[in-house]
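Mind docking chains U and X on chain H? Use the hints.
Residue numbers (our numbering), protein chains in the order written: chain H, 1 to 481; chain U, 1 to 481; chain X, 1 to 481.
To be clear, the hints were calculated from the coordinates, so they are not data collected in a lab. Small disclaimer: the values here were computed from a predicted structure and weren't measured. Any given hint could turn out to be false.
It does not matter which identical chain is used: a pair holds within one copy or between any two.
As the list claims (entries may be wrong) - Here are the simulated DSS-like cross-link-like pairs (lysine-lysine), alpha carbons at most 27 angstroms apart as the crow flies: (1) K300 with K160; (2) K160 with K181; (3) K239 with K181; (4) K300 with K396; (5) K284 with K120; (6) K300 with K339; (7) K160 with K396; (8) K339 with K329; (9) K445 with K119; (10) K119 with K424; (11) K300 with K284; (12) K300 with K416.
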Amino acid sequence: MTVESNMYEEVKPQSMSTCALGAAAVPVPEQLCIFGTGDLGRSLGLRLLQSGYRVVYGSRRPNSCGPLPEGAQVMSHAAAARSASLIFICVHREHYGFLQTMAPNLDGKVLVDLSNNLKKGVYPEANAAYLQSLVPGAAVVKGLNTLSAWALQNGLLAGKQVYLCGNSAEAKQAVAEMATKMGLTVLDRGSLSSARELEDFPLRLFQEWRLPLRVALGLIAFFFFYLLIRDVIYEAVEKGNDISFRIMISLANKVFPIVSLIMLSLCYLPGVIAAFLQLYRGTKYRRFPDWLDRWMLCRKQMGLVALGLAFLHAIYTFIIPIRYAVRHKLISRVVDEMKNNKTTPFDFDNTEAWGTDSFLVLGILGFFLYVLLGLTSLPSVGGTLSWREFSFIQSKLGHLTLFICTSHGYIYGWNKFLRPSTYKWYTPPGYMLCLIVPSVVLVLKFLVLLPCVDRTLTRIRQGWERNQPGEEMAMTKATNL
Amino acid sequence: MTVESNMYEEVKPQSMSTCALGAAAVPVPEQLCIFGTGDLGRSLGLRLLQSGYRVVYGSRRPNSCGPLPEGAQVMSHAAAARSASLIFICVHREHYGFLQTMAPNLDGKVLVDLSNNLKKGVYPEANAAYLQSLVPGAAVVKGLNTLSAWALQNGLLAGKQVYLCGNSAEAKQAVAEMATKMGLTVLDRGSLSSARELEDFPLRLFQEWRLPLRVALGLIAFFFFYLLIRDVIYEAVEKGNDISFRIMISLANKVFPIVSLIMLSLCYLPGVIAAFLQLYRGTKYRRFPDWLDRWMLCRKQMGLVALGLAFLHAIYTFIIPIRYAVRHKLISRVVDEMKNNKTTPFDFDNTEAWGTDSFLVLGILGFFLYVLLGLTSLPSVGGTLSWREFSFIQSKLGHLTLFICTSHGYIYGWNKFLRPSTYKWYTPPGYMLCLIVPSVVLVLKFLVLLPCVDRTLTRIRQGWERNQPGEEMAMTKATNL
Amino acid sequence: MTVESNMYEEVKPQSMSTCALGAAAVPVPEQLCIFGTGDLGRSLGLRLLQSGYRVVYGSRRPNSCGPLPEGAQVMSHAAAARSASLIFICVHREHYGFLQTMAPNLDGKVLVDLSNNLKKGVYPEANAAYLQSLVPGAAVVKGLNTLSAWALQNGLLAGKQVYLCGNSAEAKQAVAEMATKMGLTVLDRGSLSSARELEDFPLRLFQEWRLPLRVALGLIAFFFFYLLIRDVIYEAVEKGNDISFRIMISLANKVFPIVSLIMLSLCYLPGVIAAFLQLYRGTKYRRFPDWLDRWMLCRKQMGLVALGLAFLHAIYTFIIPIRYAVRHKLISRVVDEMKNNKTTPFDFDNTEAWGTDSFLVLGILGFFLYVLLGLTSLPSVGGTLSWREFSFIQSKLGHLTLFICTSHGYIYGWNKFLRPSTYKWYTPPGYMLCLIVPSVVLVLKFLVLLPCVDRTLTRIRQGWERNQPGEEMAMTKATNL
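Next comes chain H alone, as it looks inside the complex (with noise of 0.2 angstroms):
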């Protein structure tokens, strides 16, 4: 009943001599129905059109339904219906009612359920699964549903990957033959059961940047509201200071690289954490606690977080000559060193100049690392690169733009660790809590490079395990790839 038996229904019932005339092999293009005059079903009928598809709408007002795309037919839903085997089902599942009406002209028919629902959790079922439960003879795919009417019709399909899912093998591949003509690539995700994770899949929300992004904002108020203590709070209240001005950039400026570090040292903890694990157990084939899991799976969008930070926070170094309180507190200086008459004032520091020089550098070369492993991580140049230049980029390069911010941040520091004035209220500098992670992630990672380690390690992950019951089971594993 799907689309191929019907196509040879049609020609092999003629005999064999037809073939060799020529003729029954011309293909007649494949008529297709949709149902639902919408949008989105004038842009399917569009694309199905331009793919070499005849297409016949299935309308409850043939006569009035609007414009419809240059060589489609319109027919009422009955007359439509049985002039395909394939109808798409292009219409508010409110609306649904009436294919029940209609059951008898769809048994045997595919129908795919292309549609969507405005918010999670609306209908005790899935759209597809209640269409198959009014047309209980018609095999029921759900599928092309994260489509947009309005990517239908500016062509933008090449490649791009759909879902479906179905109780029924041949209708689904009927389907997803009709959706690789189209130039999609098809993911079949099982039976019906699935429909509502497919249904659920244009209602996502940036899924996995939640926990990135609830990361950084955390840390974000913590540093935020630690150093208005430390820096504005402490001013005014031991020295009577209002510098509450210093809010809006410096204070912004001191948060925004601290959680920047620290979010790309999150990236690289999961990577040696699982690796000690995997020394701790002597096997690759326990599987990893599942915070574990989670966390490793949106390192990119960590490394990405932090990226739009560091960004930031060099936009905010750069303006920094431009600000009123800079040039004012520049020329106060000046007026004052002029007025006190001081005799050596201006000595240059040549150790100053060197330290705060190696400072700049050090940050300007870990910002420019930074960007480069956000450009690889753009899925069209990622997509260029072997595996082992994707495995170089993101795991050497990354270590070391984490080591050069580190040394960035220590730097920073350098002639502060001692006094005394640093540890106002007693508390550590913003720089120091935010050096804490980065350096514990670095020493880590120096360790599992040591030789001896590094060595055990890679037999781990070659399938080699230190407990295994008996030598053939681990001859087993070893063996695959």
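Relative to the frame of chain H, chains U and X by itself:
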């Protein structure tokens, strides 16, 4: 007469028993013919060989036609044509003449015309139509002409979209199958009368960028002369100062942000105009006026031009403190203050500090969001977003960006609105002019978001109509996706 | 013996009438076999199941081989091999031995070798050739080895290009069809002798980046030491000042733009060399020398390295005013002026203001165009451009960028060319050296654009030859696209 039917002719006359022996089913690579041994012909042949076809070249002098891909044969045109059913014509249109003389050899063949012209409108009819008129017995298919020899050689075809047109459905089907096997996605553009359109594709030059670029250039020219008069000429006429050096940076750094903000608001203006038009008409089923349609189609390009100008504004701002004029002003101000021995010249103004810092921070955040918007308009990034994510970014984040950038503009003038010195020669300063359109867009957008308006608009967009002819009509429409 | 023929064998022996009943046409999902239950085997199996195949694993210990994708079967190697005609070998090469012992079970099967090595040149022959020698009765196909387990699991395959090679056309055809169904685009690389090349693909490490990076590093090293001697050591020797702190930023910020400009001009030099070579030879049909070919192939990478250096130059420039040394110099200059009580120290120099501002503006515009060029070289952006747009950007805009950046360099030295103090130790400053190559490229490009030269060159590129052996020969060539 297609490739398909040819294969059938070869295979089928043998009795069914051969099939059962598993021998006839062995896929013999199909042979394709290419006329022309230039860059394109050679690259195409290489690629066809890589996709598993056999290739034969037709050449006027088969023995001296230069290096051809390994594995390809060369014959005379006539012999090559006889050996394949699908022939690629990789020859300049001016030399199609010889095809007429050998037309009998091409009867029943599929000819794929890949030619392009160097300019539009040189010839009265499309190359493919001319070819068809020369060889009426063949089935001409226009297509693949958007592929360059360079892309073919470097294997940059995967998932690329190509267009076909032709009068014979079978011929198009044969070419489409060949193209699909090369990894291309095929779109059928109908009969051979579309050939002209296809031949113009490779000659397009930033068609959808023209309107945005023209608007940007017009606005830049207007604001440049407006500010030239107000800033430079006013100073020269009224005070006799020559500050013409300011044209290079100070003036440009006013013009670019002004035009960028206006362009950004022009991205979002058609959306609110469309919403009010739908509210006024009470239906979504009447087409928008042409100018609105065209405007809406170039919103993305408008936004990117605005981003480019914002990027220039950012860099112009970063280099302000390095400028000779700025450093000179700073130094001379200090010296002036010292010489005149003012007593309270350097009082720190807290309000000024808050004001300028807020101004800078809004600019930074606006630019950051601007860049985010630009990144999501990269095809490979936008393609990974779900529909809801894309609309979240382009609509919510877009309007937030507009709001922040507009605030950036308002704060710039917070303490200048009421000073008479602001209105030189009774003209308002540039930043005031540039705030008009963004403010209007934001107010209109706010009105659209009011619950009562929003509710009506959502109903209209789901297909409801205020002045429907009959109850039933509305029902039909509201049904469709 | 391929999948194809197997299916035919199953279907065809039944009489034709079954087809007419529409039953035999029901697509029974084909069964594929995977040897090896490691990461790659599991990911591949999952993906094959999602693409609609049935999957059976061959394992030495079918009962204890860890978690496999839902829906897959596990059997002994021999049983699994018998149940499918296409077998994926996801096992390390070192363990291929067991395949020899079960060779009789593999007779007539298609074996897909997906293995990779960790290093190049470890084994005398390719893994696939070794496999073929162990199992002479099977048809070995090397391929899909560029897919990682990670990409397979995460569905990142759509439109990706993979390579196949093998001695049996049918076997390759069967694997190609399977790969196409998974959304991959297949390129045939010929016989099994290409297997080594395919096995080296995943081990490539920035091959096309090596030449540009080496050139860049060489130039950076040269200019670093040249400027170190001229700037820092000269100052120490001749004047006794220690300005070594300048190495970090001032020196780097001279080296980076110098090398960036040279690299940019090296992008466009091979193009003009090729043009002059064609003009000299009077034909486009003779191959360019090898060094020119290799140079032309890495132009894109050269441009991107140049962009990276320009990006560093921009950031280095932005942070100039924050530097300790710069602020110190500014302050001490003011104080000096005040103490010495000069009368006309702060006369504003209009020429100086115009000169430095023009210098900055040219730098900004050059950087802006540089970034534009870089953006269009992103695969996903470049892919959306028509051929004419791409060549407009890469040629016209590219040369404009080079022109603007070269002017940026010229204006930097506009008033230093004639000063004797510029030529320390009789050496020219770095910026003069770096202007040589770009100036030469621009002059040559200008010559090529002269109408008379351009006309000849266009004719040559359309196939015309100056010294053709006969009139006819030229005709033939001018014919081809």
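*If the cutoff is 27 angstroms on CA atoms, where do K300 and K416 land: within, between, both or neither? Let me know, please.*
Neither way: K300 and K416 sit 34 angstroms apart in one copy and 46 angstroms across, limit 27 angstroms.
*Pop the pair K300 and K160 into one bin, within, between, both or neither, using alpha-carbon distances up to 27 angstroms.*
This pair counts as both: shortest intra-copy Cα distance 22 angstroms, inter-copy 21 angstroms.
*Go through the copies and call it for K300 and K339: within, between, both or neither, with a Cα cutoff of 27 angstroms.*
neither (56 angstroms within a copy, 58 angstroms between copies)
*asked:* One pair to classify: K160 and K396, alpha carbons no more than 27 angstroms apart. Within, between, both, or neither?
replied: between (32 angstroms within a copy, 25 angstroms between copies)
*Using 27 angstroms as the alpha carbon limit, work out where K160 and K181 are close: within a copy, between copies, both or neither.*
Both: 12 angstroms inside a chain and 13 angstroms across chains, each within 27 angstroms.
*If the cutoff is 27 angstroms on CA atoms, where do K300 and K284 land: within, between, both or neither? Let me know, please.*
For K300 and K284, only the intra-copy Cα distance (23 angstroms) is at most 27 angstroms; the inter-copy one is 41 angstroms.
*Under a CA distance limit of 27 angstroms, which applies to K239 and K181: within one copy, between copies, both, or neither?*
neither (75 angstroms within a copy, 73 angstroms between copies)
*asked:* With identical chains, the pair K119 and K424 could be close in the same copy or across copies; at 27 angstroms between alpha carbons, which is it: within, between, both, or neither?
replied: neither (51 angstroms within a copy, 55 angstroms between copies)
*Intra/inter-copy verdict for K445 and K119 if alpha-carbon distance must be at most 27 angstroms*: Answer is between: at 23 angstroms across copies they meet the 27 angstroms cutoff, but 44 angstroms inside does not.
*Is it within, between, both, or neither for K300 and K396, if the alpha carbons may be no more than 27 angstroms apart?*
both (15 angstroms within a copy, 24 angstroms between copies)
*For K284 vs K120, is the C-alpha pair at or below 27 angstroms within one copy, between two copies, both, or neither?*
between (38 angstroms within a copy, 26 angstroms between copies)
_Intra- versus inter-subunit Cα pairing at 27 angstroms for K339 with K329_ = both (15 angstroms within a copy, 19 angstroms between copies)
Taken one by one, the earlier hints fail for this structure at numbers 3, 6, 10 and 12, listed in ascending order.
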